[in-house]
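Chains A and B supply the protein sequences, listed in that same order. When we follow the numbering used here, the leftmost residue of the first sequence carries the number 115, and every step to the right adds one. When we follow the numbering used here, the leftmost residue of the second sequence carries the number 41, and every step to the right adds one.
Hints were generated in silico from the structure; no laboratory data involved. Some hints here could point you the wrong way.
[Claimed, not checked] Simulated crosslink set (DSSO-like; lysine-lysine; CA at most 27 Å straight-line):
hint, chain 1, residue 1, chain 2, residue 2
1, B, Lys473, B, Lys449
2, B, Lys465, A, Lys205
3, B, Lys473, A, Lys205
4, B, Lys360, B, Lys391
5, A, Lys170, B, Lys514
6, B, Lys438, B, Lys474
7, B, Lys215, B, Lys74
8, B, Lys427, A, Lys205
9, A, Lys205, B, Lys504
10, B, Lys465, B, Lys504
11, B, Lys504, B, Lys427
12, B, Lys505, B, Lys465
13, B, Lys217, B, Lys136
14, B, Lys505, A, Lys205
15, A, Lys205, B, Lys344
16, B, Lys449, A, Lys170
17, B, Lys344, B, Lys460
18, B, Lys449, A, Lys250
19, A, Lys250, B, Lys473
20, B, Lys505, A, Lys250
21, B, Lys449, A, Lys205
22, B, Lys391, B, Lys371
23, B, Lys411, B, Lys449
24, B, Lys305, B, Lys215
25, A, Lys250, B, Lys465
26, B, Lys505, B, Lys460
27, B, Lys305, A, Lys170
28, B, Lys344, B, Lys465
29, B, Lys449, B, Lys371
30, B, Lys411, B, Lys427
31, B, Lys465, B, Lys449
32, B, Lys465, A, Lys213
33, A, Lys250, A, Lys170
34, B, Lys427, B, Lys473
35, B, Lys474, A, Lys205
36, A, Lys205, B, Lys460
37, B, Lys449, B, Lys474
38, A, Lys250, B, Lys474
39, A, Lys250, B, Lys411
40, B, Lys217, B, Lys302
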Amino acid sequence: MNRRRWFLHTALVFSFLMASGTAAAEQDPMWPVPGGVVLTLERAVMCESIEAFLPKNQGVIFSISVGRVLCFSAFSVVPRETVIYHNWYRKDQLASRRKLTLKPPNWSSFSGIQLREADTGPWRVDITDERGNTIKTLRFSITE
Amino acid sequence: MNGVGAFLFGIRWQDIMDILINSYILFRLYVLFKGTTTFRVMVGIAFLWFFQRTAAALGLVMTSWNIQGITAAGALIVVVVFRNEIRSVFQTTSFKAILWGFPGTSPDTPVEIIVQSIFSLAAKRVGALMVIPGKDSLDDLLQEGIPWQGIISREMLHSIFWVGNPVHDGAAIIKGKRVSSVGVILPLSKRDDLPLNYGTRHRAAAGLAEQSDALVLVASEERGEVVAAKGRQLMVMRDRAELEKMLYEHLGKPLEIDDAQKNQKRNLILAGALSVVLISGIWYGITRGFDTLMAMEVPIEYAKSDTSLDISETSVNTVKLHLSGSSFLLKSIRPGQVRVRANISSSQIGKSRIPITLEDVTLPPGIMLKKVEPPFVEVVIAKPTLKVLPVQVDWAGKLPGNLIMADVKVVPEEVQISGKSDLLKAVFTVYTKKVPLGDITRSGRMTVDLVLDDPSLNLTPDAKKVTIHYVVQKRTLTSDLHGEKE
Numbered sequence: 115m116n117r118r119r120w121f122l123h124t125a126l127v128f129s130f131l132m133a134s135g136t137a138a139a140e141q142d143p144m145w146p147v148p149g150g151v152v153l154t155l156e157r158a159v160m161c162e163s164i165e166a167f168l169p170k171n172q173g174v175i176f177s178i179s180v181g182r183v184l185c186f187s188a189f190s191v192v193p194r195e196t197v198i199y200h201n202w203y204r205k206d207q208l209a210s211r212r213k214l215t216l217k218p219p220n221w222s223s224f225s226g227i228q229l230r231e232a233d234t235g236p237w238r239v240d241i242t243d244e245r246g247n248t249i250k251t252l253r254f255s256i257t258e
Numbered sequence: 041m042n043g044v045g046a047f048l049f050g051i052r053w054q055d056i057m058d059i060l061i062n063s064y065i066l067f068r069l070y071v072l073f074k075g076t077t078t079f080r081v082m083v084g085i086a087f088l089w090f091f092q093r094t095a096a097a098l099g100l101v102m103t104s105w106n107i108q109g110i111t112a113a114g115a116l117i118v119v120v121v122f123r124n125e126i127r128s129v130f131q132t133t134s135f136k137a138i139l140w141g142f143p144g145t146s147p148d149t150p151v152e153i154i155v156q157s158i159f160s161l162a163a164k165r166v167g168a169l170m171v172i173p174g175k176d177s178l179d180d181l182l183q184e185g186i187p188w189q190g191i192i193s194r195e196m197l198h199s200i201f202w203v204g205n206p207v208h209d210g211a212a213i214i215k216g217k218r219v220s221s222v223g224v225i226l227p228l229s230k231r232d233d234l235p236l237n238y239g240t241r242h243r244a245a246a247g248l249a250e251q252s253d254a255l256v257l258v259a260s261e262e263r264g265e266v267v268a269a270k271g272r273q274l275m276v277m278r279d280r281a282e283l284e285k286m287l288y289e290h291l292g293k294p295l296e297i298d299d300a301q302k303n304q305k306r307n308l309i310l311a312g313a314l315s316v317v318l319i320s321g322i323w324y325g326i327t328r329g330f331d332t333l334m335a336m337e338v339p340i341e342y343a344k345s346d347t348s349l350d351i352s353e354t355s356v357n358t359v360k361l362h363l364s365g366s367s368f369l370l371k372s373i374r375p376g377q378v379r380v381r382a383n384i385s386s387s388q389i390g391k392s393r394i395p396i397t398l399e400d401v402t403l404p405p406g407i408m409l410k411k412v413e414p415p416f417v418e419v420v421i422a423k424p425t426l427k428v429l430p431v432q433v434d435w436a437g438k439l440p441g442n443l444i445m446a447d448v449k450v451v452p453e454e455v456q457i458s459g460k461s462d463l464l465k466a467v468f469t470v471y472t473k474k475v476p477l478g479d480i481t482r483s484g485r486m487t488v489d490l491v492l493d494d495p496s497l498n499l500t501p502d503a504k505k506v507t508i509h510y511v512v513q514k515r516t517l518t519s520d521l522h523g524e525k526e
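Please take these sequences and the hints and turn them into a complete structure.
This is the structure in structure tokens:
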């Protein structure tokens, strides 16, 4: 229940573009933001959908038939209001850039892309802070 | 005199070979086609070509065009009209004879036996028809016939034309020492000026003689005389000596052997010398005749022994070559025949000035290099840059619908590549070869090759393969690896 409450307190910020995420929900590093405060990334994954504020069917390969793919990121410590970016790359070429706002004390957000046939291939999402420093890179593939 | 000296001094061994080979080809053509209509027409075409070049040089534009057209048409006509003659020259001559043989070295036709036989047949009032081919092919003129290939003898010729023999009415074809075929039907002459007492046999002899250079001998059944048909002439042979002389002349072996051989040798030497003079003149006209200058922009290629060296900067990418030679050769230069290859093997890392020398320039024969602009090129040579990059799997195909690839781990996660720094700037990930998903139904691992899009980039030798550890889960279950459920 605590978990559900925690998500209820967060605002979901979306975009309509897609992504995939690493399945590993490793303990994410703390990340300093300007002003000496620290962002702590709790979790970042690629998934097919969000249900009950949780990523569903997270993975590293997504079929076009799924329709869209999402990048979910959850920060457990957000000292002050700031922004992060989800930068979507297909074969190292920037395909989409999403600006997401984080609010204290913790916040989750996601972005996504709609899948088309031309999107097959290796992808990655770089999650960066407001200054462009990479917090996390998620690698995944779009297939037939 | 200096000019002549410089010209003679400038002749290379390749030029001499060039002249000798082409002179020999011309000489062989003379030997093979001498006496044929083709040869006479070819000489005519050569004269036309000479007139055309003269007209062009004098600025007679229309005349030059006209002669050029006539020459081209003439060459085509030679091939079409005289195709049989050309074919017969090559078909009836062995490869060795085409390259080395001279007239008169072919097997001797037994003239005396032929003469004795035909006079003997005529005396006995036995009709006979014998064909001794010249250089023309008779394939299209002769019909039917039975292959014989018998070595000529009086007895055999008598038996062929014996009235009881089924083939006695046809002609016998004599090639060298053999009767090659018998019972052959010859084309009849359509002339209306032949004597009325000449029958079908004479008319056939005249017909073939008119259409070829063959000598046809007829033994008359009614009058007991021997008639020789050559060209448009039908000549009654009064005695054996007259026929012998005619046969020897037809076969290229006149009776006065010594004088004839001397004459023939003299003719061949003269033809050989003329061939050399003619080809030398043409060679001079093509290669040295008109000294022309031409400038050409050529890209620079760099040769280096250490492939890891990286040329990061050059002062110019092309050089302008000032070339001289005959206008014919300069106009004939094809792309790729002129190359500039600067050798930077001995250059140090950093900035170097590389001179472009004559040795660095490749030119077609007969073209001289006058000047290179600029005479040097400045290059900056750098060592290749190293970069450590993450590895990502390039999946292809489709997983079964009930499965999801939950996690993938690549070992090693990163590899080192080397290459030009400007190329490396644009590379952020090293991908594997396409890995098919079709056969994957459960978790496992596999080893795959890495690929680099740019062939000038290199992977370190120990990092050309990676191992993929993958985790597959059922889609129906929650795919949250950590079971994050409330």
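Structure-based check of all given hints:
Between B:Lys473 and B:Lys449 the alpha-carbon distance is near 16 Å, which keeps this suggested pair within the 27 Å criterion. At roughly 15 Å between alpha-carbon atoms, B:Lys465 and A:Lys205 fall within 27 Å of each other, so this suggested pair holds. A hinted pair counts as satisfied when its Cα atoms are at most 27 Å apart, and B:Lys473 with A:Lys205 qualifies at roughly 13 Å. Of the pairs offered as hints, the one joining B:Lys360 and B:Lys391 holds, with about 22 Å between alpha carbons and a cut-off of 27 Å not exceeded.
Between the alpha carbons of A:Lys170 and B:Lys514 the distance comes to roughly 13 Å, so the proposed pair stays at or under 27 Å and holds. Between B:Lys438 and B:Lys474 the CA atoms are separated by roughly 12 Å; this keeps the pair inside 27 Å, and the hint holds. Our distance criterion of 27 Å between C-alpha atoms is met by B:Lys215 and B:Lys74, whose separation comes to about 19 Å. With a CA separation close to 18 Å, the supplied pair B:Lys427 and A:Lys205 stays within the 27 Å bound.
Between A:Lys205 and B:Lys504 the CA atoms are separated by roughly 19 Å; this keeps the pair inside 27 Å, and the hint holds. Of the supplied pair hints, the one linking B:Lys465 and B:Lys504 holds, its CA atoms being roughly 21 Å apart against a limit of 27 Å. For the given pair, B:Lys504 sits about 15 Å from B:Lys427 by alpha-carbon distance, which is consistent with the 27 Å threshold. With a C-alpha separation of about 23 Å, the suggested pairing of B:Lys505 with B:Lys465 holds against the 27 Å cut-off.
Taken as a hint, the B:Lys217 and B:Lys136 pair is honoured in the structure, with Cα atoms around 20 Å apart against an allowance of 27 Å. Restraint check for B:Lys505 and A:Lys205: the C-alpha separation of about 20 Å stays at or below 27 Å, so the hint holds. Taking the CA atoms of A:Lys205 and B:Lys344, the gap is about 33 Å. The hint is violated against a cut of 27 Å. With a C-alpha separation of about 21 Å, the suggested pairing of B:Lys449 with A:Lys170 holds against the 27 Å cut-off.
Proximity of B:Lys344 to B:Lys460 is assessed by CA-CA distance (about 15 Å); at most 27 Å being required, the pair is judged to hold. At roughly 16 Å between alpha-carbon atoms, B:Lys449 and A:Lys250 fall within 27 Å of each other, so this suggested pair holds. Straight-line distance between C-alpha atoms of A:Lys250 and B:Lys473 comes to about 25 Å, which keeps the hinted pair within the 27 Å bound. A C-alpha spacing of about 25 Å is found between B:Lys505 and A:Lys250, which places the hinted pair at or below 27 Å, so the restraint holds.
Between B:Lys449 and A:Lys205, the direct Cα distance comes to roughly 18 Å. Compliance with the 27 Å bound is thereby established for this hinted pair. Pair hint B:Lys391 plus B:Lys371 does not hold up; C-alpha atoms about 38 Å apart against a cutoff of 27 Å. Straight-line distance between C-alpha atoms of B:Lys411 and B:Lys449 comes to about 62 Å, which puts the hinted pair past the 27 Å bound. For the suggested pair B:Lys305 and B:Lys215, the alpha carbons sit about 25 Å apart, so the restraint of at most 27 Å is met.
A distance of roughly 21 Å separates the Cα atoms of A:Lys250 and B:Lys465; the hinted pair therefore holds under the 27 Å criterion. Note on B:Lys505 and B:Lys460: the hinted pairing holds, with a Cα-Cα distance of about 22 Å set against a maximum of 27 Å. Between B:Lys305 and A:Lys170 the CA atoms are separated by roughly 103 Å; this puts the pair beyond 27 Å, and the hint is violated. A threshold of 27 Å between alpha carbons decides the hint, and for B:Lys344 with B:Lys465 the separation of about 24 Å falls inside it, so the pair holds.
In summary, the hint linking B:Lys449 to B:Lys371 is not supported, as the alpha carbons are separated by about 63 Å, beyond the 27 Å threshold. In summary, the hint linking B:Lys411 to B:Lys427 is not supported, as the alpha carbons are separated by about 43 Å, beyond the 27 Å threshold. About 26 Å separates the Cα atoms of B:Lys465 and B:Lys449, which keeps this hinted pair within 27 Å; it holds. Between B:Lys465 and A:Lys213 the alpha-carbon distance is near 26 Å, which keeps this suggested pair within the 27 Å criterion.
Restraint check: the Cα-Cα separation between A:Lys250 and A:Lys170 comes to about 20 Å, which is no more than 27 Å; the hinted pair holds. A C-alpha spacing of about 20 Å is found between B:Lys427 and B:Lys473, which places the hinted pair at or below 27 Å, so the restraint holds. For the proposed pair B:Lys474 and A:Lys205, the alpha carbon gap of about 13 Å is at most 27 Å, so the pair holds. About 20 Å separates the Cα atoms of A:Lys205 and B:Lys460, which keeps this hinted pair within 27 Å; it holds.
Between B:Lys449 and B:Lys474 the CA atoms are separated by roughly 16 Å; this keeps the pair inside 27 Å, and the hint holds. Note on A:Lys250 and B:Lys474: the hinted pairing holds, with a Cα-Cα distance of about 25 Å set against a maximum of 27 Å. Between A:Lys250 and B:Lys411 the alpha-carbon distance is near 60 Å, which puts this suggested pair outside the 27 Å criterion. This hinted pair checks out: B:Lys217 and B:Lys302 have alpha carbons roughly 25 Å apart, not beyond 27 Å.
Comparing the model with each numbered hint stated earlier shows that hints 15, 22, 23, 27, 29, 30 and 39 do not hold.
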